[in-house]
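Undergrad: Chain order of the listed sequences is X and D.
Going by my numbering, the first sequence opens with residue 11, and the numbers climb by one from there.
Going by my numbering, the second sequence opens with residue 9, and the numbers climb by one from there.
Take these hints with a grain of salt, some might be off.
Pairs of lysine-lysine, BS3-like flavour, derived with a Cα cap of 30 Å [said to hold, decoys possible]:
(1) D:Lys-38 <-> X:Lys-108
(2) X:Lys-103 <-> D:Lys-69
(3) X:Lys-54 <-> X:Lys-65
(4) D:Lys-236 <-> X:Lys-103
(5) D:Lys-211 <-> X:Lys-94
(6) D:Lys-135 <-> X:Lys-108
(7) D:Lys-217 <-> X:Lys-104
(8) X:Lys-103 <-> D:Lys-211
(9) D:Lys-243 <-> X:Lys-86
(10) D:Lys-126 <-> X:Lys-99
(11) D:Lys-122 <-> X:Lys-99
(12) D:Lys-208 <-> X:Lys-99
(13) D:Lys-137 <-> D:Lys-169
(14) D:Lys-137 <-> X:Lys-108
(15) D:Lys-86 <-> X:Lys-81
(16) D:Lys-38 <-> X:Lys-88
(17) D:Lys-226 <-> X:Lys-88
(18) D:Lys-69 <-> X:Lys-108
(19) D:Lys-86 <-> X:Lys-86
(20) X:Lys-104 <-> D:Lys-104
(21) D:Lys-120 <-> X:Lys-88
(22) X:Lys-88 <-> D:Lys-126
(23) X:Lys-88 <-> D:Lys-208
(24) D:Lys-89 <-> X:Lys-81
(25) X:Lys-104 <-> D:Lys-208
Not close to chain D: a few residues of chain X, all C-beta gaps over 10 Å, as computed [claimed, not checked]:
(26) Leu-28
(27) Leu-32
(28) Asp-35
(29) Lys-55
(30) Ser-56
(31) Lys-59
(32) Tyr-72
It should be emphasised that the hints constitute simulated quantities derived from the structure, not laboratory data.
We treat Cβ as the ideally placed atom computed from N, Cα and C, and that holds for glycine.
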Amino acid sequence: MRKIVVIVAVVLTLISILFSILPLDTLALAPIGLALLFIFLAFKKSDVKQRKFTKLLFIITYICALYVLGKTYLIKDKVTVDTKFEQEKVDSKKEDLKDLEGLE
Amino acid sequence: MKKVVFSIGVFMILCSFNTDSSNQIPPGEKLVYAGSYNMSGLMTQLAQVTLSTEMVNTSNKSYLHLNCELATFAKWDKFFKIRDTYEAYVNPTTLKPSLYKRNIEEGGWTKKEKYVFKGNSVTSTSKRKNCPETTKTFTIGNSTQDVVSLMYRIRTLDFDKIKTVQSQSFVIVFDETQIPVTIKLLGTETIPAGNLGSKKCYKLSIGAKTDVLKGKDKNLIYLTADSKKIPVLMKFSIPVGTGQLALTSATGI
Numbered sequence: 011m012r013k014i015v016v017i018v019a020v021v022l023t024l025i026s027i028l029f030s031i032l033p034l035d036t037l038a039l040a041p042i043g044l045a046l047l048f049i050f051l052a053f054k055k056s057d058v059k060q061r062k063f064t065k066l067l068f069i070i071t072y073i074c075a076l077y078v079l080g081k082t083y084l085i086k087d088k089v090t091v092d093t094k095f096e097q098e099k100v101d102s103k104k105e106d107l108k109d110l111e112g113l114e
Numbered sequence: 009m010k011k012v013v014f015s016i017g018v019f020m021i022l023c024s025f026n027t028d029s030s031n032q033i034p035p036g037e038k039l040v041y042a043g044s045y046n047m048s049g050l051m052t053q054l055a056q057v058t059l060s061t062e063m064v065n066t067s068n069k070s071y072l073h074l075n076c077e078l079a080t081f082a083k084w085d086k087f088f089k090i091r092d093t094y095e096a097y098v099n100p101t102t103l104k105p106s107l108y109k110r111n112i113e114e115g116g117w118t119k120k121e122k123y124v125f126k127g128n129s130v131t132s133t134s135k136r137k138n139c140p141e142t143t144k145t146f147t148i149g150n151s152t153q154d155v156v157s158l159m160y161r162i163r164t165l166d167f168d169k170i171k172t173v174q175s176q177s178f179v180i181v182f183d184e185t186q187i188p189v190t191i192k193l194l195g196t197e198t199i200p201a202g203n204l205g206s207k208k209c210y211k212l213s214i215g216a217k218t219d220v221l222k223g224k225d226k227n228l229i230y231l232t233a234d235s236k237k238i239p240v241l242m243k244f245s246i247p248v249g250t251g252q253l254a255l256t257s258a259t260g261i
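Take the sequences, apply the hints, and build the full model.
TA: Below, the structure is given as structure tokens:
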């Protein structure tokens, strides 16, 4: 039983790392939360001598959580200036004026 | 993601009770919103929504150009880039539309729509990616408007004359279909309004006969309870989750 819980905790920790690196924002908190739950279960089912590994998993997942929350709250969101999009808007407006002239 | 974007568009569709003609929409107004979606229990900012107005002149007439732009924040662009525009050219006084355009660019998928209004007749032109252009002419009701102009029309309403929980049904034209919409005044609340500080707002509930919006009184819009009636917060609930548009900046009001 302990083995299964540890394997699940490891897999979820790896997914947490992956989700934290990818631009998935707070979506990464879902595997992080599950990872912390399974790490806790693994910790409870482990003898005192076996707890070193679960502690390591906990530290990694905890860092992932801090990283994701840091990205969410400390980095300011901004929209990239899209020159193609801006040019399309200018062209579209010219076309709109022609359409409106045609309506009158 | 498309459902989220569509629901934002549909959610911004609002209709009228009695309009207050003394309350005109000013040209040169720019309202910027942060669009967030509930992911893992936390509201995550996905996109910026900008509503702007400007006066345009043809050789004979003046039109108020109402523009609504939705653009994903830089960090999401590689994952799912969105650049949507919803535009309407309307009569500056009555806000009746003459031309409505929708230009969708979502994760490589594109769609362009143009509606030309002539009385009760609408000629629509639609072009999807890798599909031929289609043209359709259909009849609409007298009060039917496009999404964008209705969104602004609500701001000309006199809410002091509207009773709480009073609702009324209307029709909008979207995706070449007429969709019935209801709006209900739920009361007033004080809401943070970006650079305007905290504002007392009218709380309105939106209902539409579509599968996109979900729940009773879960799709809400808050308008400042003053003569400007700036939309400061819009909350939406759709089958795949919840989200909101929160005002971050208001200029030219």
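Undergrad: So, against the hints stated earlier in the document, which numbers end up violated here?
TA: Result: hints 5, 7, 8, 12, 13, 22, 25, 27 and 28 break, sorted rising.
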